[in-house]
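Construct the entire structure; sequences and hints are all you get.
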Amino acid sequence: MKQNQKTITYSQVIHLSHIIDIDIPQWPGDPPVEFTTVANIPEDGYYLRRLTIGEHSATHINAPKSFYPHSAGIDQYPPESLVLPAVVIHICADAKLNPDYALTVADVLAWEKKNGEIPPSSLVLLHTGWENKWLDKKQFFNQDPQGNMHFPGFSYDATEFLLEQRQIAGLGTDTHGVDPGQDHSFNINRLVLAQQRIILENLTNLQHLPPKGTTLMIGVLRLRDGSGSPVGVLALVP
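Taking the numbering used here, the leading residue of the sequence shown gets 43, the next gets one more, and so forth.
For lysine-lysine, the following PhoX-like pairs were computed, each having C-alpha atoms within a straight-line distance of at most 20 angstroms:
(1) 254 with 48
(2) 254 with 156
(3) 175 with 138
(4) 138 with 179
(5) 254 with 155
Just so you know, the hints here were simulated from the structure itself, not pulled from any lab data.
If you want it as structure tokens, here you go:
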């Protein structure tokens, strides 16, 4: 075997990205998803559409340029950073009782007691069960009468612990943000992206992944100076 050559073995491939359509949940202020037919088979001999979509719509990745103007755009992520091992932490029961639940350091340590220490360079995926609300925008954003959103995410302390003590590659979740819905300052995004790591949001099918052992392949659109990109995420399950 050549030096640094890696082998991935898997028994199943699972889509972790939602289908993109015009009626998907959109963050307030994001441009609408639009499909416009520009060529059709009867007249042109082929079928082609123009797609309009925001960089942070559907299942997507956030880049440092989202919050730091002189930092890396999504086109600057090296390819090796987009193939990485993943662990999954389930908080569905907690999120059902408290939609504002934020993953704690104690949750991480409880997971490790069962599964072993999170390996360095892993992507930590948070399964909250929110993917089941995807087809209902009202439930997905869960806004109160004042317009505040209520959905679960990562706490600052847990994120800091994962970055500093476990040297993770980044975070992912099945909600519209790794930050809990009530956090309007995007503290978790800022903390992770300050180190040019990975943020994945609006994932799906996390319930089908084991706690550890999965390899993710993240297909980005290499948008020049992009603040992020819709992504196709494939999970290679052992």
